[in-house]
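The opening position of the sequence shown corresponds to residue 1 in the working numbering, with each subsequent residue numbered one higher.
These aren't lab readings, by the way, just hints derived from the structure by calculation.
Any given hint might turn out to be false.
[To be verified] Quick list of in silico lysine to any residue cross-link-like pairs, SDA-like style, CA-CA up to 20 Å:
| id | residue 1 | residue 2 |
| --- | --- | --- |
| 1 | Lys361 | Thr246 |
| 2 | Lys171 | Leu379 |
| 3 | Lys230 | Gln371 |
| 4 | Lys37 | Arg17 |
| 5 | Lys230 | Leu118 |
| 6 | Lys171 | Ser76 |
| 7 | Lys361 | Gly345 |
| 8 | Lys328 | Thr246 |
| 9 | Lys361 | Asp243 |
| 10 | Lys457 | Lys171 |
| 11 | Lys280 | Ile259 |
| 12 | Lys171 | Gly258 |
| 13 | Lys230 | Gly141 |
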Amino acid sequence: MNAPADLPVAQRTAVDRQSTVANALLEILPSASVLWKPADTRPYECDGLSMFRQLPMVVVLPETEAQIVAILRICSRLEVPVVARGAGTSLSGGSMPHGEGVLLGLARLNRIVSLDPLARTAVVQPGVRNLAISEAAAPHGLYYAPDPSSQIACSIGGNVAENSGGVHCLKYGLTVHNVLRVRGLTMSGEPVDFGSEAPDCPGLDLLALVIGSEGMLAVVTEVTVRLIPKPQLARVIMASFDDVETAGDAVAAIISAGIIPAGLEMMDRQATRMVEPFAKAGYDLDAAAILLCESDGTPDEVADEIAHMEAVLGAAGAKRLVVSQDEKERLVYWAGRKNAFPAAGRVSPDYYCMDGTIPKKRLGEMLKAIQAMEDKYRLRCPNVFHAGDGNLHPLILFDANDADELQRAEAFGAEILELCVALGGTITGEHGVGVEKIDQMCVQFAAPELAAFHGIKRAFDPARLLNPDKGIPSLHRCAEFGHLHVHHGALPHPDLPRF
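Kindly produce the complete structure, drawing on both the sequences and the hints.
Structure (structure tokens):
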């Protein structure tokens with residue numbers, strides 16, 4: 001693995017560095033678990049956000065926590081960056097490798113350690129698939145509530161890193177609301193526990209800090225999740241609207257009526273016409289937008305809530321209401337919504353999925369703004385939303401082989417995120433910041449807030465080796481970006497109002 005003598009000095013230095021790191025890791029891992037040849041590391045060059053790519057210097061695939069400890073100690077000693085990766089379904093570039101670092105793949109730690117139906121908890125390793133938890137709990141009448149669209153593939157460690165949600169997060173919460181304890185390792189290999197299976201834990205409550213920290217504070221090695229009983233019955237209403245703004249206003253009407261649906265999702269006409277040939281969900285393709293509103297509970301509770309929602313939706317301007325008649329039809333409705341991303345892959349070479357969040361009362365306003373942006377950037381943008389909590393997932397369709405289209409897609413996405421902030425929202429709801437939204441962090445936060453974030457990072461990772469250059473921009477980067485706030489009255493963008 002030594003560098004050829006005729007290589008330029010910089011390349012020879014990089015190859016020698018790679019050789020040093022790989023040889024050190026081969027002392028603790030079998031050869032099949034240490035990858036460094038480009039053909040072997042290429043599958044790890046990006047996550048679900050494929051528009052950003054970087055080959056890792058070395059990939060390691062441990063099978064035990066003890067091996068992870070040893071890996072972290074070696075990398076800490078050699079001052080090598082480490083990026084933890086699960087299933088690679090992240091859509092923000094959170095697990096994109098570092099070109100001079102080690103990609104720590106955790107997919108082989110995929111064991112359900114224990115499942116306690118009486119305590120309604122499960123202890124799982126980070127590589128366990130989200131859906132596998134519910135499959136294991138099903139014989140006990142239980143399930144794990146957070147259900148990202150990628151739940152068939154995404155792993156629980158990644159869910160913790162990004163604080164993932166799903167179509168039922170309105171009623172049952174995000175990952176942070178359904179995890180009791182996280183065991184992790186610092187960059188030095190020191191074990192640390194966050195949270196507790198007890199109702200409270202001693203000391204500062206750092207559980208919510210590590211959930212959503214995108215692998216920048218610790219490497220997750222074990223997670224204790226909360227399980228809940230499966231409802232006796234669930235039914236979903238498909239409500240059709242003649243314009244997207246009315247559909248957005250109907251979401252606010254549902255919430256203001258005191259109803260908390262099990263799921264409340266919105267899709268515009270572009271999205272339903274994109275999804276229907278793929279999923280055959282039975283969507284109303286003539287509607288400008290549809291809402292999927294679900295009720296679950298006992299049969300009596302569901303009947304009452306469905307009637308209440310039908311009345312509110314009718315008064316809010318719904319032109320057609322269809323209620324699922326059985327479980328099969330309900331699942332088909334949701335399958336269509338959850339397959340929006342793969343459906344986009346059938347109609348466009350590439351797509352860019354956004355993840356901003358805004359107040360529910362401003363959904364209609366945002367949809368009209370996105371329609372105007374489609375004309376401005378000359379790109380199509382179907383919209384699918386977690387409408388109940390204002391989490392937007394516009395899908396910008398483009399061709400990455402066309403440099404101009406790629407640039408327009410990035411600018412389109414940036415304008416959506418900056419408008420989210422201007423409307424009183426935030427730049428991410430469940431996908432994280434990663435590399436995708438790092439410049440928009442300069443729009444969202446002022447210099448003192450960013451400094452505080454860096455202080456937390458230093459407390460856990462003084463050498464800044466865990467997933468560096470993600471999530472938190474430097475003040476220098478923000479100054480270059482031209483969006484550094486000196487106070488909250490600063491204008492984040494010339495076209496946007498003051499906060």
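Status of the hints after comparison with the structure:
For the given pair, Lys361 sits about 11 Å from Thr246 by alpha-carbon distance, which is consistent with the 20 Å threshold. Annotation: proposed proximity of Lys171 to Leu379 is violated, straight-line Cα distance about 34 Å (limit 20 Å). Of the supplied pair hints, the one linking Lys230 and Gln371 is violated, its CA atoms being roughly 39 Å apart against a limit of 20 Å. About 14 Å separates the Cα atoms of Lys37 and Arg17, which keeps this hinted pair within 20 Å; it holds.
Taken as a hint, the Lys230 and Leu118 pair is honoured in the structure, with Cα atoms around 14 Å apart against an allowance of 20 Å. Of the supplied pair hints, the one linking Lys171 and Ser76 is violated, its CA atoms being roughly 42 Å apart against a limit of 20 Å. Distance hint between Lys361 and Gly345 is unfulfilled; the C-alpha atoms sit about 31 Å from each other, more than 20 Å. Taken as a hint, the Lys328 and Thr246 pair is broken in the structure, with Cα atoms around 29 Å apart against an allowance of 20 Å.
Distance restraint check for Lys361 and Asp243: the Cα-Cα separation of roughly 16 Å lies within the 20 Å cut-off, and the hinted pair is therefore satisfied. For the suggested pair Lys457 and Lys171, the alpha carbons sit about 32 Å apart, so the restraint of at most 20 Å is broken. As the CA atoms of Lys280 and Ile259 are separated by approximately 29 Å, the hinted pair breaks the 20 Å bound. For the proposed pair Lys171 and Gly258, the alpha carbon gap of about 12 Å is at most 20 Å, so the pair holds.
Between Lys230 and Gly141, the direct Cα distance comes to roughly 6 Å. Compliance with the 20 Å bound is thereby established for this hinted pair.
In this structure, the earlier hints numbered 2, 3, 6, 7, 8, 10 and 11 are contradicted, and the remaining ones agree with it.
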